[in-house]
Each structure stands twice: as C-alpha cells, then as structure tokens.
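Chain order of the listed sequences is D, W and U. So for the first sequence, our numbering puts the first residue at 4; every next one is plus one. So for the second sequence, our numbering puts the first residue at 50; every next one is plus one. So for the third sequence, our numbering puts the first residue at 37; every next one is plus one.
These aren't lab readings, by the way, just hints derived from the structure by calculation. There could be a bad hint or two in this list.
To be verified - Derived CB-CB ranges, DEER-like: (1) U/Arg416 <-> D/Trp280: 18 to 24 angstroms; (2) U/Asp501 <-> D/Phe69: 25 to 31 angstroms; (3) U/Arg416 <-> D/Lys372: 17 to 23 angstroms; (4) D/Asp114 <-> U/Ile71: 56 to 62 angstroms; (5) W/Leu58 <-> U/Arg416: 51 to 57 angstroms; (6) D/Ser538 <-> U/Thr537: 52 to 58 angstroms.
Everything numeric in this text was worked out from a predicted model, so none of it was measured. Note that the Cβ used here is the ideal one computed from N, Cα and C, for glycine as well.
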Amino acid sequence: MVDLIWLVPALPLVGFAVLLVAGRRMGEPAAGWFATAMVGASFLTAVVAFIGLGGLEEQVFVQTLFTWMPTGDISIDAGFYLDPLSGVMILFVTGVATLIHMYSIGYMHGDPNFSKFFLYLNLFVFSMLVLVLGDNLLMTFLGWEGVGACSYFLISFWFTKPANASAGKKAFVTNRIGDWGFMVGMFMVLFTFGTLSYSEFLPLAPGLATTTATFIAVMLLIGAIGKSAQMPLFVWLPDAMAGPTPVSALIHAATMVTAGVYLLARINPVLAVSADWVLPLIAWIGAITAFVAATIAVAQNDIKKVLAFSTVSQLGYMFLAIGVGAYWAAIFHMITHAFFKALLFLCAGSVIHGMHEHQDMRVMGALKKFLPITFGAYIVGWLSLAGVPPFSGFFSKDEILAYAFDVNPVLWFIGLAAAGLTAFYMGRQAFTVFWGTPHWHPEEESVEEVPPAVTGTEAEVLADADDPAATSAATVVATAQPAVDVSDLPDDFEPHESPWTMTVPLVVLAVAAAFGGLLNIPLPSSLHFLERWLSPVFELGGPTKLSLSDGSILLLLSVSALVAIGGTLAAAAVYLWHKVPSAPLEPAVLANGWYIDSSITAFMGGPGTAGFQATADVDTKVVDGAVLGVGAGVGRLAQASRYLQSGHVRRYALSVGVGTVVILGFMFTRVVI
Amino acid sequence: MLLNQFLLLGAVLFCIGVYGVLVRRNGVMVLMSIELILNAVNINLVAFGTHLQQATGQAFALFVIPIAAAEVAVGLAIVLMIYRNRRSIDVDSLDEMKG
Amino acid sequence: MELFPSDAVFTPDVSWVALWPMVVMALGGLLLLTISSLGKGRIPRPFYALWAVLTSVGSFITAIPLWAQVHGWEDAVLWYDPEVDPTGPFSTVGGVIAADGFSVFLTMLIAVSMVAVVLVIEAYLDREQDRFPEMFALTMFAALGGMVMVSANDLIVLLLGLETLSVAAYVLAAMDLRRVQSQEAGFKYFVLGAFSSAFFLYGIAFIYGATGGTGLVHITDFLAANVLLGSSGLMLLLGLGLLIVGFAFKVALVPFHSWSPDVYDGTPSPLVTFMSSVVKVAAFAGMLRVLVMAFESAGADWRPVIQGLAVLSLVGGALGAIVQSNVKRLLAYSSISHAGFILLGVEAASDVGTAAVVIYLTAYSALVIGSFTVVTLVARSGDRLHTLTDYQGLGRTSPLVAGLFTFFLLAQAGVPFTAGFYAKFSAVIAAVDAGTAWLAAVAMLSAVIAAYLYLRLVVTMWFVDPAAETDTSHVGVPAAAGIALAGCAAAVLWIGIFPNTLTDWAERSVPAVVQPAPPNLVESGDEADADVEFEVGPDGMPGMPGPMPGEMDFGELDLESLGIDPAELEAMLEGGDLGFDVDVEFEDPPG
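Let the sequences and hints guide you as you build the complete structure.
Written out as structure tokens, the structure reads:
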C-alpha cells in the first residue's frame with residue numbers, strides 16, 4: 004500500500020497539467036471540480052499509504068523514482084520518504100487542501116480566471132507535497148521554491164490590484180533570504196555527509212562536530228524563519244493575505260508557512276548536536292514572535308489581517324515548541340492550527356463574500372443572523388484559536404506551554420501572555436463581526452456607534468497604511484464618518500449566506516477543529532497517540548521528556564484555560580458590552596505592526612511602506628524597497644555603479660587599464676626571487 | 050645580447066600606445082595608438098625569438114602584422130561610418146548609451 | 037653534414053578528421069559570400085539562411101566521428117566502424133590543434149548554437165526587409181574563429197581564433213546602419229576589443245620569452261619541469277596576468293565588462309544571441325585550456341586573481357542589472373553575473389570544475405539564445421522597443437512569447453528542474469570541492485540578488501498594465517524564431533530534468549595534454565626498408581623546424597624515395613657525428 008505514495012503528489016500534478024492544457028475549455032465549474040477531485044484522490048491515497056505505513060515494521064518507506072543529479076561521486080535521487088512525520092503532514096495537507104479547493108469553487112464563482120486559479124492551486128499542493136515527501140534536501144528545496152513561486156502567483160492573482168502585485172513581490176523577496184539560508188545549509192550538508200538523503204544523513208548526524216552542526220542548523224534556521232514568517236522576517240505574511248481568501252487559507256493554514264517548522268522538525272538530529280545556544284535561540288525567536296504578532300493583531304481592522312498576524316503568532320508557538328525540544332508538540336499544534344486557521348480564513352472569506360468584498364471589520368456587525376452556518380463554524384474556530392477548552396487549540400497550545408514551563412518559566416510566561424492576547428483579539432474580532440449592531444449603512448453609525456476617539460485612531464491607522472501623502476485627506480474623511488467607504492453597497496444591502504460548496508467545507512473543518520485535540524489528550528499519558536506515533540522520528544533529536552507531575556500539568560492546564568477565558572471576557576467587556584473604551588487598547592504603534600515593517604523599509608533606504616502599497620510600477624523606488632532584505636543600500640550601490648558606466652569609451656579603456664594594473668600588481672607580489 | 054634594451058623599447062612603445070588610447074579623443078589617433086601597442090608586441094616577439102635562437106618569434110610576428118592590418122581595416126571602416134553620420138570622430142561624443 | 041637533403045619537406049601530421057568541422061564552417065562561409073556576390077541579390081535570402089543552417093549542421097555532423105575517435109565508437113552508432121580504434125585525445129597539425137573531449141564538445145555546442153542563431157537572424161532580416169546575407173557569413177566566420185579557439189593548443193592559434201572571432205564580431209556589432217547606437221556599439225567594441233587583444237598579445241610575447249615556446253603542451257611540460265625565478269618568473273607572471281586580462285575582457289568580467297552593456301544595447305538584437313553564446317563559449321574555452329591546463333602548476337598565482345574577478349562579476353553584474361530600465365542592458369549585466377558563476381568552475385582548476393564550466397556554458401547558451409530571441413521579437417520592426425515599459429502587459433497581449441520569456445528568466449534565476457539551476461548547482465559544487473566554499477556562498481548570495489531582477493521583468497510582463505506609450509500589438513513568432521525558441525526551451529527543460537546525459541558528456545569533456553605527433557616525412561609504404569627512430573636533444577635537430585625535444589618514431593621509411601642512400605646513412609650512423617641519437621633498423625642492411 005505504501006508504494007502508492009508517488010500518487011500523492013502525482014495526482015495534483017496531473018490536475019495541474021490537465022488544467023494547463025484544457026482548463027479554459029473545461030470552464031466553470033468543471034475545472035474547479037476536477038481540481039478538487041484530484042486533490043481529494045490524493046488525500047485518499049495518502050490515507051491508504053498512511054495505513055500501510057502503520058503496518059510496516061520500520062515505519063519508514065523510501066521510494067526512489069530516478070537518479071536526478073550525478074555530480075562526481077555524489078548522486079542525488081528523486082524519491083519520496085514516507086515516515087510517521089511526513090505521513091501525518093501529507094494527511095492534513097491534502098485533507099485541508101481538498102476542502103479549500105471545494106470552497107474555492109463557490110468563492111471564485113464568476114471570476115474570469117476561474118480555471119487558472121485552480122491550476123495554481125493544484126500546483127501549490129503538488130509543490131507542498133514534494134516539499135514534505137521529498138527524500139532529500141534537494142527535493143524539499145524544490146518544493147520549497149515551488150510553494151514560494153506559487154504563493155507569489157496566487158497572491159498576485161488578482162493582478163489588476165497593484166497592492167496585490169507588490170505584496171506578492173514582497174513575499175517573494177523576503178522568501179529569497181530564507182532560500183539563501185536553505186541553499187547554503189543544503190550545500191553544507193552535501194559536503195559534510197556526501198549525501199542529501201534524509202535516510203542516509205540523519206542517522207549520521209549524531210557524529211557531527213558541533214561547529215558544523217551549528218552552521219547547518221543556523222543556515223537552515225534562517226531558511227525556516229523566512230518561510231515560516233518569524234521575527235524579523237515576518238513582514239511579508241500579513242501582506243500576503245492580499246490574495247483571494249482561499250489562498251490565504253492554504254498558505255496560512257496547511258502549506259507553505261508550516262514548511263519552516265517541518266524542516267526544523269525533520270533535521271532534529273542535527274539540532275540536537277549543534278551548539279547549546281541554537282535551540283534556546285529558536286525558542287526565544289518563537290516566543291517573541293508569538294507575543295509581538297499577537298499584540299499587533301489586537302489593533303488590526305482588516306478581518307483577514309487579524310488572522311494573518313495570528314498565524315505569525317501561532318507559528319511562533321511552533322518554533323517555541325521546537326526550541327524547547329517538544330518536536331511532536333510543534334507538529335500537534337501545526338495540525339490543529341491547520342484545522343482551525345483554515346476554518347477561520349474560510350469563514351472570513353464567507354463573511355467577505357457576504358459583505359460584497361468588504362474586509363474592514365468596522366463595517367460589519369451583527370452578522371450572526373445573516374450568516375448562520377458561517378457563524379456556527381466561526382465560533383468553533385474562534386474558541387479553538389483562543390485556546391478555550393475543550394477545543395483542539397487548547398490542547399496543542401497547552402502542550403507547548405507545558406514544555407516551555409519545564410525548560411524555562413520565562414518562555415512559558417511570554418507564551419501565556421501571548422495566549423491571553425490571542426483570546427482577546429479573537430474575542431474582539433468575533434464580537435465586532437458577529438455581534439453588536441450592523442455597520443454597513445453609513446448614516447446609521449457615524450454619530451452613535453463610534454466614539455470620536457476611536458475614529459481618530461482609525462484615521463491615523465488608515466493614513467499610515469496608505470500613502471503618507473494622503474494623510475491629511477484620509478484624516479478629513481475619517482473624522483467626518485467611519486473611515487471606510489461603504490457607499491458601493493446598495494441601500495437595501497443585506498449580507499447573505501454562502502453557497503453550499505463553501506459551507507460544507509466549513510462544517511467539516513469545524514468538526515475537525517473541535518475534536519482535533521483527541522489526537523493527543525494530555526492526561527493520562529496513555530492517550531498520547533500522536534506523541535507515540537511520531538516518537539521514532541524524533542528519537543535521535545533527544546526530545547525533551549516532560550518532568551512535570553500530573554498535578555502540575557493539571558495546574559498549568561487550568562491556568563491556560565483561565566487565561567483564555569479571561570482574555571475572551573476582557574474582549575467581551577470592551578467590544579460587546581462596551582464597558583471599557585477600546586481606543587487605548589489599539590494604539591497606533593500596534594496597528595502599524597510596531598512600525599517594524601515601515602522602519603525596515605525606511606532603513607533599507609527605500610521610500611518606505613508607501614512604495615509597496617502605492618503601485619506595482621517597477622520603478623526604482625519600489626526596487627529599493629523590495630530588496631530590503633538583501634541589504635541596506637543595495638540600490639544606492641547599484642545607482643553609484645551607473646556613474647562608472649559613463650558611456651565614454653576612454654573611461655572604459657581606463658577601467659580596463661586600472662584592472663590590468665591591479666592584476667599585474669598582484670602578479671608582482673607573486674614573483675619568487 | 051641586447052634583450053633587455055629591446056624589451057624596454059617594447060615596454061615604452063606599449064605604454065605610449067596605452068596612453069594614446071586613454072587620452073586621445075580623435076578616433077583615428079586611437080587606432081594608431083592601438084597599432085603602436087601591437088608593434089611593441091612585435092618588437093618583443095622578435096627580440097625573444099632572436100634571443101632564443103628560434104624562428105617561432107619571427108613567425109609569430111608575421112602572424113601579428115596581418116592581424117593588426119585586419120583590425121585597422123575594420124576599425125577605419127567603422128570610424129569612417131561614424132564620421133559620415135556625425136561629421137566628427139571625437140570619441141567622447143559617442144555616449145548615446147550609458148548607465 | 038646533414039642527415040636529410042636540404043630540400044626535404046617536413047609536413048606536420050594532419051588529421052583531417054579533427055579539422056573537418058572548421059573546414060566545413062570556413063568553406064560554407066566563403067561559398068556563401070561567393071554565391072551572394074555572383075547572385076547579385078537575385079537569390080532569395082531564405083536560401084542563404086538554409087545554407088548557413090546546413091553548414092552549421094554539417095559542421096556538427098563532421099564533429100561526431102571526431103568525438104567517436106576520441107571517446108570510442110559506441111558513442112556514435114551511425115559511424116560505427118570496427119576497423120578504427122578510438123585513439124583517445126590527440127593533437128594534430130604539429131600539435132597546435134587539440135582534439136580532445138573538451139574541444140569536440142564545445143565545437144558541437146558552437147555548431148548547434150549557430151543553427152539557432154542563424155534562425156533568429158533570418159527571422160530578424162525577414163522582419164526588417166533586409167535582403168543581404170552578410171550577417172550569415174560574418175557569424176559563420178566568427179563561429180569558425182570560436183571553433184579554432186576551443187581547439188587551440190598553441191597560443192598563436194588561440195590568438196588567430198580570437199581575432200577571427202573578434203574582428204567579425206566588431207563588424208556584426210556595427211551592422212545596423214539605421215541606428216547610431218549600432219555604430220557606437222561597433223566602435224566601442226572595436227576600440228576596447230583591440231585594446232585588450234593587444235594586452236593579450238603582449239602577454240603571449242612574455243610567456244614565449246619566459247618558456248621558449250607558444251605551445252600549450254610545451255608550456256605545461258616546461259612549467260612542470262622548471263621553477264622560474266627572478267626576471268623570467270616576472271615575465272611569466274606578467275604574461276599570465278595579461279592573458280587573464282584578455283580573456284576577462286572577452287567574457288566581460290568586472291572590471292573589464294564596461295563594454296558589454298553598451299555593446300549589447302547597440303548591437304542588432306539577433307546578433308546579441310551570438311555574442312552572448314558563441315563568443316563566451318569560445319573565450320571561456322580558451323581561458324580554461326590556458327589556465328587550467330597549461331598553467332596548472334601556477335595555480336597559486338592565478339587562482340586568487342580569478343577569485344577576485346569572480347566576486348566582482350557576481351556582485352557587480354547583479355547590482356548593475358537592478359537599476360537598468362533597458363532589457364538588453366539588464367540581460368547584459370545578468371550575463372556578467374553568469375560569467376562570474378562560470379568562473380567558479382574555472383577557479384576550481386579541477387576536472388569537476390571543468391565539467392561544471394562545460395555544463396554551465398551549455399545551459400547558458402540555451403538560456404541566453406532563448407532570452408535574446410524573445411528580445412528580438414518584442415523589439416518589433418526597427419529593433420527599437422527595449423525598455424521595461426515596452427514589456428508591460430506583454431503577458432496579456434502575447435502570452436506565448438511572455439510565457440517563454442518567463443520560463444527562460446526563471447531558469448536564469450536558477451529555479452530547480454531547469455538548466456539554470458543545474459548549471460549553478462554544478463558550479464557551486466565545483467567551488468566547494470576545490471575548497472573555496474566562501475566563493476560559493478558569495479555566488480549564492482549573488483543568485484539571490486539576481487533573482488530579483490528576473491522577477492522584476494516577469495512582474496512587468498504579467499502584472500503591470502501597459503503604459504500609454506507601450507506598443508500593445510501582438511508579438512508574432514515567425515517559424516524560424518519559433519524553431520529556435522522551441523529548441524532552447526526543450527534544451528533548458530531537458531538539462532534541468534535529466535542532467536545525467538549532459539553530465540556524462542561534460543565529465544568526458546576535459547582538455548588533455550597530448551604530445552604532438554611527429555612530422556610526416558613521407559607516407560610509409562610497402563617499399564619501406566628502414567625503421568627510423570630519433571631521439572632528439574633539447575636543441576632540436578638540424579633541418580627540422582622548431583625545437584622538438586623528445587623521442588620521435590618515424591616508423592617505416594622508404595629511404596630511396598627520400599633521396600637517402602642507405603649506405604651513406606649507415607656510414608653516418610657509425611661516424612656518430614650527428615649531434616643526436618638515432619636508431620635505425622634496416623630491413624635489408626646495406627653492405
């Protein structure tokens with residue numbers, strides 16, 4: 004059964020190829036159903052292979068397709084590597100992707116590029132499966148680049164919107180920094196072990212010298228940070244939700260961003276032998292990212308942007324888990340996160356769909372009666388992300404916190420604070436969107452609902468988000484009425500529930516998000532199904548064994564639950580019952596992502612955020628801004644080099660002459676007398 | 050043998066030629082400077098050939114002479130074409146393309 | 037007393053098999069010129085294009101038996117001839133032309149590139165309503181120069197090839213009479229090219245002075261046997277430095293690159309395909325053979341220089357490209373960056389490095405010909421539209437062309453499963469293998485920067501709305517250009533997905549140090565009556581051109597026909613005043 008594994012990535016690839024050739028002719032909705040069927044079949048194959056894997060003695064299966072690159076004595080195969088880790092990964096990747104595909108059929112209804120969208124989607128899933136299943140680092144790198152390119156195309160999908168094209172570019176550029184780390188790390192592995200194959204080099208890892216292991220680990224960590232949007236390379240992910248919502252769901256939940264976590268989990272034997280500061284570094288990066296991103300999420304007004312920052316935050320938890328040696332807990336959280344974040348994004352998409360493409364939470368409100376199914380599903384996702392028992396997020400997050408407490412209580416505390424914030428901002432979103440009063444009719448709300456202080460803050464927020472040049476104009480508009488223009492909605496507008504192709508995936512995901520925690524019940528330890536299943540993978544990595552007593556675990560569980568409920572209640576107090584004014588809680592610093600984004604951009608000598616948002620024109624300004632990660636002043640250096648290229652042939656001859664003199668000067672130093 | 054003196058002569062001619070290419074603005078003078086460099090090389094070749102008592106040096110010089118002739122023929126043709134179009138052979142005026 | 041009568045003629049051993057590809061190319065070019073001058077414009081131009089294609093194909097085909105002779109006949113099934121044993125690498129024409137895997141493979145590469153180049157030129161001439169076939173003839177002569185360069189085993193021959201290539205290329209650059217930029221490009225290319233050729237030549241003169249010969253095999257042996265000190269050492273090193281300058285100019289390495297953006301910009305676009313493929317292949321081949329083979333023992337002297345040039349080119353090329361708004365200039369800078377990558381393989385000075393260079397050159401030729409073919413097509417009539425603005429919205433107006441261009445650009449950026457990735461991969465492997473991992477890290481960093489500029493073009497084509505001044509007419513693909521594009525795209529994919537074949541060839545494409553075969557005195561025949569073998573001292577032997585130390589076996593000779601009296605020879609041998617050792621075995625001893 005396991006030898007069917009090649010079918011898992013092959014089916015989406017077939018889908019891609021067929022859509023490439025015949026996509027236009029298939030049209031809507033056939034192309035969508037076809038793509039969905041391909042990914043669905045892939046999921047079924049994955050289930051079969053997974054069951055087959057359970058029956059194997061070794062629980063590892065390597066399938067070599069062909070020898071790809073013979074270079075000297077090194078040869079690299081194209082093949083697949085199925086072990087408990089990749090088995091789990093393919094299950095939820097294909098599973099969630101199938102639902103997202105199905106959802107997209109309804110969501111993309113009427114789009115002129117309907118079939119093209121599914122083509123990219125299929126290619127995306129294929130790339131992710133290659134990433135996960137590749138039996139060596141190069142295959143993983145192939146998938147790594149593939150998801151990067153696909154995400155770039157998908158984010159830019161509605162390329163008529165300039166912001167999307169530039170967000171896509173930003174994602175690409177930031178990812179390249181990570182790619183560089185990956186590449187260097189990969190070559191280092193190749194030259195240390197003479198192979199890139201997981202099944203060959205991972206067992207040898209314990210014999211590595213500390214320096215080598217540290218170098219490899221740090222380089223791959225840079226790769227993982229870039230791909231999984233951790234501090235300081237997280238700037239792209241929130242922008243990347245500019246694309247169609249199903250894409251955000253796919254990128255944020257099941258694929259792409261989890262790749263970094265997967266990579267770190269995969270190379271756990273290398274992490275184990277690297278210098279003793281590497282793992283704590285990962286843990287701190289994760290903890291700080293989790294906290295900072297959560298604070299930023301508190302002050303966002305775009306329904307998707309809140310979720311985007313929450314993804315960054317949740318990925319921070321997974322890094323934290325890796326850093327404290329709780330590899331399986333990272334994977335556990337990855338799975339539950341895939342369920343509830345996909346669910347939340349799809350709900351957001353449903354809301355946006357119902358609101359005629361409006362994404363600003365301030366124009367929503369009281370949607371629960373208009374979108375009952377979405378509302379019901381959303382509740383599950385919300386409580387799960389907020390970490391309220393007994394939903395899945397509670398269990399997975401708490402596992403991580405327990406390990407963090409065991410290793411370093413400070414980390415635990417930061418994580419706990421982030422958890423409180425998570426509950427708070429999710430409560431804020433839930434209450435603003437689904438409760439309260441409807442805000443989609445401009446004249447109703449401007450005076451009564453929104454206190455002036457809030458409007459002021461919002462004006463600033465908007466002004467900062469847009470071109471600074473437009474600041475004054477935005478302020479004027481904002482003080483007059485609620486910042487967001489809803490004039491395009493008809494007077495008799497009423498939000499509507501989405502079609503069944505969109506709601507069915509919501510329901511399925513809601514069930515998964517609600518009961519995902521059953522994979523690994525914290526107490527008693529005999530119910531640690533996932534941990535036991537994954538344990539062979541992490542054997543060499545020396546995973547941390549929890550030294551806490553059952554009582555302590557129970558205590559930690561209760562603390563987490565209290566924090567989650569407390570955060571939710573606090574949000575309710577502010578946004579549902581309006582006991583506390585919300586303005587001080589949403590300072591501009593947070594709304595602007597602590598200005599990290601803009602200060603990086605400014606630091607890089609570019610024209611700042613405006614450059615990204617203003618236009619996709621590939622003028623030099625955007626160029627300067629977009630190469631932000633590569634290094635300060637790259638653009639300026641390049642500009643300077645233009646002056647050397649004066650167009651005068653004598654100047655060129657001079658540069659030849661100078662070059663010659665330098666070379667000959669060097670040669671003089673080499674003369675043996 | 051006067052090898053060193055010949056090499057010195059070659060080096061001086063070479064430097065004069067390089068200097069000419071770098072500072073002359075007249076296209077034809079640039080061509081002549083390049084000729085000068087090639088002839089400096091010829092002096093070196095012949096001097097080495099004589100020093101080593103081989104025919105190779107001289108033979109090589111015989112190859113270089115037609116090469117130089119071919120280069121100059123093409124170079125003059127290009128300069129002439131530019132002169133026709135611009136009525137000037139100032140090499141510094143050729144900066145249509147830069148950056 | 038002389039052994040042979042003074043009118044005896046020594047002809048170098050000539051293996052025509054090794055020369056056929058060049059001869060075909062030369063004859064093809066000459067005949068094309070002849071026919072066109074006789075035809076006086078009555079013959080339609082496509083005929084000349086076909087002629088040039090057939091010549092290139094012929095050149096390729098004649099290289100196959102040569103490959104077989106070097107590597108064994110099982111590689112060339114059609115030419116299978118059990119009678120002829122593979123001889124392995126050999127040299128011919130007195131040792132100045134090498135026939136080894138390296139020269140044969142790159143000759144084939146040039147011939148194949150020529151087919152694509154000619155097709156693109158034909159498409160261009162057709163669009164520009166140009167009836168004259170000079171472009172074909174000139175590219176053919178330039179390709180001939182390139183073939184001579186890749187096979188040159190002697191610095192004189194290398195120079196001849198270089199000049200044949202360059203002089204033709206100068207004219208090609210100035211070929212477009214309607215655009216002043218083209219003349220400017222021609223002039224700049226010429227002045228700087230002649231300038232650097234002169235440096236190159238000066239370098240050869242020094243090397244000749246220091247080693248006493250111009251043959252690469254001679255230099256290899258000489259440097260292996262001697263350590264040059266003092267002024268001879270200085271001459272050698274100055275010569276080496278000047279040679280590097282000459283090569284660095286031809287392949288456009290920073291800081292000798294400044295001509296290339298201007299020249300690429302001004303030269304008629306289809307000819308840029310030639311300049312960026314064949315010219316670079318030939319120049320890199322010469323560089324590799326001289327540095328890695330002849331100056332192998334001086335590696336410590338030239339490797340740091342090459343490393344410096346590589347870093348400057350990798351970074352300079354990528355940086356220079358970022359600010360360009362002209363696509364041709366942008367690609368010119370990107371090719372500077374590529375050249376830096378190829379240097380990784382040269383710098384490695386190993387078989388792995390050589391294979392990496394061959395792989396990179398092959399992949400790069402396909403990529404760059406494809407890219408500039410697209411540039412040629414998009415430029416529209418008059419060859420004028422080259423700015424980024426002209427590429428805006430191309431994805432919607434001409435999806436096929438834009439799609440292919442995207443593919444080539446992504447491959448240049450090094451996306452896995454394309455030739456570009458595999459080429460970069462091989463270069464990095466070679467560098468790390470040679471112990472210069474830091475250089476590999478710089479190269480990867482440069483690849484990251486460079487990826488941005490390719491992306492910028494892709495974004496411009498697909499995601500930017502055309503500006504008001506953008507020509508939004510559909511870009512058609514003429515059949516000739518279509519064939520070239522399809523070929524390049526197929527090659528890029530094929531190399532990317534199944535690199536084994538190319539790797540296999542590349543690993544066998546290593547320059548070989550082969551002693552020259554002895555000159556022919558006369559054909560051996562049935563009437564041979566003596567087996568003559570000389571051992572010649574370092575001073576050479578009287579009556580023979582040039583110093584040829586070492587053993588020489590003349591094989592069986594017919595003394596009578598040479599005008600040598602066996603009895604006299606016998607007497608000479610016994611007298612022992614020949615100045616060299618000679619061993620003669622008489623079939624029928626006189627007396």
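Comparing the hints with the structure gives:
1. U/Arg416 <-> D/Trp280: 18 to 24 angstroms: For U/Arg416 and D/Trp280 the Cβ distance comes to about 59 angstroms; the hint is violated.
2. U/Asp501 <-> D/Phe69: 25 to 31 angstroms: The hinted range 25 to 31 angstroms is violated for U/Asp501 and D/Phe69, with Cβ atoms some 43 angstroms apart.
3. U/Arg416 <-> D/Lys372: 17 to 23 angstroms: violated (60 angstroms)
4. D/Asp114 <-> U/Ile71: 56 to 62 angstroms: For U/Ile71 against D/Asp114, whose Cβ atoms are near 58 angstroms apart, the range 56 to 62 angstroms holds.
5. W/Leu58 <-> U/Arg416: 51 to 57 angstroms: Taking Cβ atoms as reference, W/Leu58 and U/Arg416 lie about 55 angstroms apart, which means the hint holds.
6. D/Ser538 <-> U/Thr537: 52 to 58 angstroms: violated (44 angstroms)
The structure shown violates the earlier hints numbered 1, 2, 3, 6.
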